Amino acid sequence: MNESLAIETRELTKIYGSGHTEVVAMRDASVGIRRGEVVALLGPSGAGKSTFLTAVGLINPPTSGQILIGSVPVLDGPVPLVNLRSFRRKHIGYVFQKSNLIPFLSARENVQIAMELNGTSPRRARHRALELLEELGVADRAENGPSMLSGGEQQRAAIARALANDPSVILADEPTAALDSHRGRQVMELFRGVAHEHGAGVIVVTHDQRTLEVFDTIYEMEDGLIRQRTSQLTLAQ
Amino acid sequence: MNLAAKDIQHNLGRFALTIFGIGMLLMIVMGMGGIYRGLVEDATLLVERIGADLWVVQRDTRGPFAEVSRVPKTLVYRVLAVPGVESAREFVFHTIQREHNGKPLRMSVLGLSWPLDKGEWLPLIAGRPLAQNHYEMVADKTLGLRLHERIKLGKETYSIVGITSGMANTAGDGMIFVTVWDSQAIQFDTPGEAMRLERAARDRRSRTEDIFLSQPILTEQLSRPTAELPAVASPELSAVVVRVAARADPDMVAATISTWADVSVFTKASQEELLLKGMVDKARRQLGMFRVLLTIIAAIIMALILYTLTLDKLHSIALLKLIGAPNRVILGLILQQAIVLGGVGYGIAYMVGQKLFTYFPRRVVLTNDDLLQLAAIVLGISVLSSFLGIWKAMRVEPNEALMG
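Protein chains in written order, with the numbering used here: chain P, 8 to 244; chain U, 20 to 423.
Chain P extracted, bound-state conformation (with noise of 0.2 Å):
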C-alpha cells in the first residue's frame, strides 16, 4: 500500500447477471493514481469506463476486488468497509458530463452545499464557496441558477463544487462532452491546476483527443480491461 496514492483499486471485476446472461463489464482493473495526479481515462462505448468509474466512486460496488482511497480500504468487493455515503462526502469529488448542479441552488449554494453537508457552519460554507468560484472564475455569476449559467459555467461550478470538501479524489465524466473545444481544454487545464494545487488525484472519463496533452497518465478500456498508457505530454518531454 503506497501512502501518497490518492486512490488504489485492486483487481476490481463487475459481473452483470449471471449464468447466460452473465456480462463480465470491468476485468481485474489494477490502478494507482497519486494525489495531485491527472488521469485521463478512454475508450470506447461499452468499454467499462462508466463501470470503472462509479465503482471508484462508491457508486455501483465491484462484484470482486478492493478500493483503497488515501490508503483508507472502503470496499472489499462489494462489501462496505466504511460509511459510503458519508466517505464519499468527504473524499470524493464529482463532476458530470451535464445537470450536475442542483437546479433550485444558485451556483454558490451548489457548492455551499457540499460544504455544509460535511459539517462545516453556514457562514464559513458560503466565504469558501465564494472563494471557489472565484478561483474557477464564476464569482460574478455565483448567484446565479444553473439555468442562468452557461455551459462552461455550469461546469466551472460543478468543480468548484467538487474541490469544495478538499477530496483525495476527483472523478469526472466526460466534462467537455457539452463544451466548445476552446471551453473543453479550458476545463482540462482547471482540472490539471486544481490536482496540482488542491492535491487531489483526477480521474477523467473523456473521449476529447486533443485534450490529452493535459494528463499525467493515460488509461485505456476496452472490454472490461484497462491498461496504462504513456501520455502524450510525457512523451513529449
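Simulated from the structure, these hints should not be mistaken for lab results.
Mixed in with the good hints there might be a few duds.
[Said to hold, decoys possible] No more than 27 Å apart at the CA atoms, straight line, and that leaves these computed lysine-lysine pairs for DSSO-like: (1) U:K92 - U:K287; (2) P:K97 - U:K25; (3) U:K411 - P:K97; (4) U:K122 - U:K92; (5) U:K171 - U:K122.
[To be verified] Some chain U residues judged to face chain P by a derived CB distance under 7 Å, without partners named: (6) M20; (7) K25; (8) D26; (9) H29; (10) A337; (11) L338; (12) A344; (13) M413; (14) P417; (15) N418.
Note that the structure is a prediction, hence the values are computed from the model and not measured.
Virtual Cβ for every residue (Gly too), placed ideally from N, Cα, C.
Starting from the known structure of chain P, arrange chain U on it as the hints suggest.
Frame of chain P, contents of chain U only:
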C-alpha cells in the same frame, strides 16, 4: 441551508398555486365540518338558550319541535302547582312562509310568555327586547329584515325592535320573537271571507237547529267574534316550558307531571336528543360521512401532490445522495415541504373560509375544537402523505444522478 425553502423559492409560482389548491380543498373540508356543527347547533339552539329544565307537551307526541304539540293554556297553572317548579311559561312555536319584497320569506315564530319573558335572553346585535305585549317583534338577521322595519303578518303590522344573531330553527330558517298572543294571532289568523262564511253558517244553523229556537241567548252569542265565543276553545300552546327550583330534582318533577294522562314531559337532555337523533339525525350523519370522505380524499390528493413534487426532484435527490447528503436531509426536504403545504393551505382555508362562509344561507360554525381537530388532521395528513414521497426518495440510487 434550508433546501425545502430554496426549492419553494425557486418554484414559487407552482408552489403558490399548489398551496392555494390545497387551501381550497381544506376549506371545503373545514366548511363541511362547519355546516355539520351549524346543523347540530341550530338543532339544539333554542333548547340551549331558552333555559328550560323540562318541556311539557301533548301526550305521546315528541313536540314541540319534532312534531306538532297542542296543550291548553291552563296547563301553565297546573304545572305551577307542582312542588319543585320555580316557573312555568307558555311556549308557542310554528313556522310560516310569507312574501316580503317580492321574495318568499320563511321564518319560525316563537311566542314569548309576556310579561315573564320579554326576550332578554336573546342574543341581540341591535335594538332591544320586547317592551309591549303587542305589535313588536325581534327578528334574526338572517331574515334580512331591518331594525324599525314594519312587517304585516296576518291582520296586524309588527315593528322590528331588535335583531338577533344565530337564531335559526333546525331547517336553518331565521326566527322571529313576538308575545304568545301575537304568535297565536299570526298562527290562527283567519281571512275575513272565511269569518264571514263561518258567521253565515252559524246564522243558518241558528235558524234551523231546535236548540237555538229554544234558547235565543245562544243566537245572540253566536253573533260575537269567534275568539269571544265561550264554546270555542282559546288558541292552544305548543308546550309549557318549566324551570325547576334550585333544590328540586328535575327527574322527580318530571315524574310527577308524567303521571298526568294528557301530557308528556321531556328533560332538556331528552329534548336535545329528540332533535339530534330524530330531526337532524340523517342530515347530521350524511354530513359527517361526507366530511370523513372529504378528509380521506384531501389526504389522497395531498399524497399525490407531494409524490409528484418528489418525482420532479428525483434527480436533485440522487445528486444530493451522490455528494453524500444523509437521509435526514432528504427526509427533511420532503417533510418540511409537506408541512408547509399543509400549514399554509390550512391558513388559506381558514382565512378564505372566514370570509366566504358568512355568505352561506345556513350557519357554518367553526368552533375552536373543530379547528384544532382539523389542524391536527392536516398535520397528520401532511406527515403521512409525505411518506409516499419519502419512500420514493429513499429508493433513489445516487448513480441516477449520472443519467442526466
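Okay, the hints, checked on the actual structure:
no. : hint            : result
1   : U:K92 - U:K287  : holds (21 Å)
2   : P:K97 - U:K25   : holds (24 Å)
3   : U:K411 - P:K97  : holds (26 Å)
4   : U:K122 - U:K92  : violated (35 Å)
5   : U:K171 - U:K122 : holds (14 Å)
6   : M20             : holds (5 Å)
7   : K25             : holds (5 Å)
8   : D26             : holds (4 Å)
9   : H29             : holds (4 Å)
10  : A337            : violated (10 Å)
11  : L338            : holds (6 Å)
12  : A344            : holds (5 Å)
13  : M413            : violated (12 Å)
14  : P417            : holds (5 Å)
15  : N418            : holds (4 Å)
Violated hints, in rising order: 4, 10, 13; the structure is consistent with all others.
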